[in-house]
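Chains as they are written, first to last, in UniProt numbering: chain A, 1 to 369; chain B, 1 to 369.
None of these hints come from the bench; they were simulated from the model. Be a bit skeptical, because a hint or two may be false.
Treat identical chains as interchangeable: a pair holds within one or across any two.
[Unchecked claim] Listed next, the in silico DSSO-like pairs over lysine-lysine satisfying Cα-Cα at most 30 Å (straight line):
(1) LYS188 / LYS321
(2) LYS283 / LYS340
(3) LYS336 / LYS230
(4) LYS362 / LYS336
(5) LYS144 / LYS84
(6) LYS127 / LYS362
(7) LYS362 / LYS2
(8) LYS188 / LYS129
(9) LYS61 / LYS173
(10) LYS94 / LYS310
(11) LYS321 / LYS94
(12) LYS129 / LYS340
(13) LYS321 / LYS283
(14) LYS127 / LYS283
(15) LYS312 / LYS85
(16) LYS362 / LYS108
(17) LYS81 / LYS336
Please read all numbers here as calculations on a predicted model, not as lab measurements.
There are 2 protein chains.
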Amino acid sequence: MKIGILGGGQLGRMFIQNALNYDDEFHVLDPNSDCSCAYISHFSQGNFNNYEDVLAFGQDKDVISIEIEHVNVDALFELEKQGKKVIPNAEIIKTIQQKILQKEFYKKHNIPSPDFEIFDGTSDEIKIKFPFVQKLNTGGYDGKGVQIIKNAEDLKNLWTEDSVLENLVDIDKELSIIIAKNENGETKTFPVTEMVADEKLNLLDFNICPADISSEVQSQIDAIAEKFIKAANSAGLFAIELFLDKNGKVWVNETAPRLHNSGHQTQEGNANSQFEQFYRTLKNLPLADTDAFGFSGMLNLVGEQNYSGKVKYEGLEEVLKLPKTYVHLYGKTETKPGRKMGHINVLANSREELLEKLNYIKTLVRVIS
Amino acid sequence: MKIGILGGGQLGRMFIQNALNYDDEFHVLDPNSDCSCAYISHFSQGNFNNYEDVLAFGQDKDVISIEIEHVNVDALFELEKQGKKVIPNAEIIKTIQQKILQKEFYKKHNIPSPDFEIFDGTSDEIKIKFPFVQKLNTGGYDGKGVQIIKNAEDLKNLWTEDSVLENLVDIDKELSIIIAKNENGETKTFPVTEMVADEKLNLLDFNICPADISSEVQSQIDAIAEKFIKAANSAGLFAIELFLDKNGKVWVNETAPRLHNSGHQTQEGNANSQFEQFYRTLKNLPLADTDAFGFSGMLNLVGEQNYSGKVKYEGLEEVLKLPKTYVHLYGKTETKPGRKMGHINVLANSREELLEKLNYIKTLVRVIS
């Protein structure tokens, strides 16, 4: 089967890596001829935000999918009209692309998400109470396009673009659940994962799986995942990012209609990874078992501040000596501050052992140039 | 690092698949522009048996290795002379390529291997007793180039080429141990695996890991692996195929200086796979832990008799429904009788469960056209 992926970054790379278990052809559209997927796929140089490029790319593919949601969705609608299979479908990608539509989707389908108001960038009649979060309607990614407005004084920093202003949740934990659905309607979730952010970079720092949550919280999350996948009305793999607040209530922060950083530890931590599951949704195959093998976690390898240029990984050899520790680099030659360059997965027999290992590894490795 | 591999078959493919965890460039030399590695590497079309082709291919590589042992070894000696890194080294590849040299190597280093005599293809003074095994000096592969001569009548079938005639072992089990060594001299073995052959095809049918052997047999095997790796005097990954005879004695059948079919279940069955370990030998990295996660096994997917042409896998969807079961196809478009097209790995909690699963899967899948 000819599988076409919009975007050639690390998610596409790890997807192809896993899907080499099967006999398909992988085609990738990316503007960067040196991207992470360039040498392991049939590569087309082009802009996945450009209508013509996406339309042309999709013509001879059996299925078209994405590894980044910021793609030209009009072209995807047109491909669907032509009878092409697009997974996830254009409608849900469009909904998720635009924060305003995404928030309205949650509201409409009774999926708990923080209260919000729509801001057109010019209004000075803001009703929402301080502190609140401003999320740009489009273009946000990896912590970009999101800011907290604490008080009236902060209002001067307000971006003057279409955006969502939403209540700030008093966060106890950030959680994620990954759910997949195939065209036959079969669905399967991965165990809930705890995401620990790097506050300086506003970027995922590490994952802990399974999350330390009560069965009551688990039930809230299961209900959210079920509602979401029903409402989305699309095959595909989705990562629902959640807040657990200090009163024990779960809120949807946002959803990614694709493979997600919060599922990387499934590569070695679960019977099958998110990459395998995504493959199965693209081919409408029986979904894979997602059982966790004990405790697993992931540490992101992010370009250190003040280093740009040809990447060097300091301390990686020490990491390779550790048992049940797995290095995953993304084939990126150039580092820059905050750039995701790779990650390290770890298996452990307890949460304590896991955190100890992750924290120890963090002291060993530096991504410099 | 520029890693050059002679041969672009499934072993190379699974090696590259695993090594996509790191930031190297993979280059492959193979005569077939549609080989398993063609689209996932920097591909050079050429003959790995041709002196000029191998020499040219090696020029700009940081390390040169093999995924098949039938390569032009003179070119590898020349590359070494030029200061190139060749792993495993040309000397041990040459020794293993030629059954006569290989048998003499075992004898010289006191490694138990069945008694033998050298046959030049014309002599009629055969001293060895019936039944015996004839192994062609060169060109044997995957059960080809080996035959059993049971009695005087069979002598008419004797190949008239340089070969080894060796005592037929009264086999209780066929076993394999995979051992790796890096340039720092660190060595590590994988757990011993039982290989069950398909008698009709004289080809590996399935693996069972760990092997059901006594600690005394384990000690014999450990001693053999230790002697072998010392005598080989080369970094690299080696698979030593063994016979356990009915008196409890272990004999070396033959050794492969490369990744091996008897190690495929390490992909999901062990903390790290043979592919990861091989990578580490090529880059002189700390060797990976090889602990087994319970019981694991592998079933080869081999082209069915009477089917040639565009491959179809019957029953694969049923297999994908089974928990802890992993399909690995080799990206080969054409099947033919006996061709290795893929394999299926299985995890289990006991040997009985493992055998049950493997046998059940065998009833589900057929490789046809």
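Hint check:
When the C-alpha separation of LYS188 and LYS321 is checked against a cutoff of 30 Å, the pair qualifies only between copies, where the shortest distance is 13 Å, while the shortest distance within a copy is 35 Å. For the identical chains of this complex, LYS283 and LYS340 are neighbours both inside a copy (29 Å) and across copies (24 Å), given an alpha-carbon limit of 30 Å. Taking the closest pair of Cα atoms, LYS336 and LYS230 never come within 30 Å of each other, the shortest separation being 40 Å inside a single copy and 45 Å across copies. For the homomeric pair LYS362 and LYS336, the shortest alpha-carbon distance inside one copy (18 Å) is at most 30 Å, but the shortest distance between copies (50 Å) is not.
Within a single copy, LYS144 and LYS84 get their C-alpha atoms no closer than 32 Å, and across copies no closer than 47 Å, so neither meets the 30 Å cut-off. With identical chains, the CA atoms of LYS127 and LYS362 are never at most 30 Å apart, being 43 Å at best within one copy and 66 Å at best between copies. Taking the closest pair of Cα atoms, LYS362 and LYS2 come within 30 Å of each other only across two copies (28 Å); inside a single copy the shortest separation is 40 Å, beyond that limit. For the identical chains of this complex, LYS188 and LYS129 are neighbours neither inside a copy (38 Å) nor across copies (62 Å), given an alpha-carbon limit of 30 Å.
Neither within a single protomer nor between protomers do LYS61 and LYS173 lie at most 30 Å apart by alpha-carbon distance, with minima of 41 Å and 48 Å respectively. With identical chains, the CA atoms of LYS94 and LYS310 are never at most 30 Å apart, being 36 Å at best within one copy and 39 Å at best between copies. Taking CA atoms no more than 30 Å apart as the test, LYS321 paired with LYS94 passes in neither setting, with 45 Å inside one copy and 32 Å between copies. With identical chains, the CA atoms of LYS129 and LYS340 are never at most 30 Å apart, being 34 Å at best within one copy and 66 Å at best between copies.
For the homomeric pair LYS321 and LYS283, the shortest alpha-carbon distance between copies (14 Å) is at most 30 Å, but the shortest distance inside one copy (38 Å) is not. Taking the shortest Cα distances, LYS127 and LYS283 never come within 30 Å of each other, neither inside one copy (47 Å) nor across copies (61 Å). Only between protomers do LYS312 and LYS85 lie at most 30 Å apart by alpha-carbon distance; the minimum there is 23 Å, versus 41 Å within a single protomer. In this homomeric assembly, LYS362 and LYS108 never come within 30 Å of each other (Cα to Cα): the closest approach is 42 Å inside a single copy and 49 Å across copies.
In this assembly of identical chains, LYS81 and LYS336 lie within 30 Å of each other by CA distance neither inside one copy nor across copies; the values are 41 Å within and 40 Å between.
In the structure shown, a violation is registered for the earlier hints numbered 3, 5, 6, 8, 9, 10, 11, 12, 14, 16 and 17, in ascending order.
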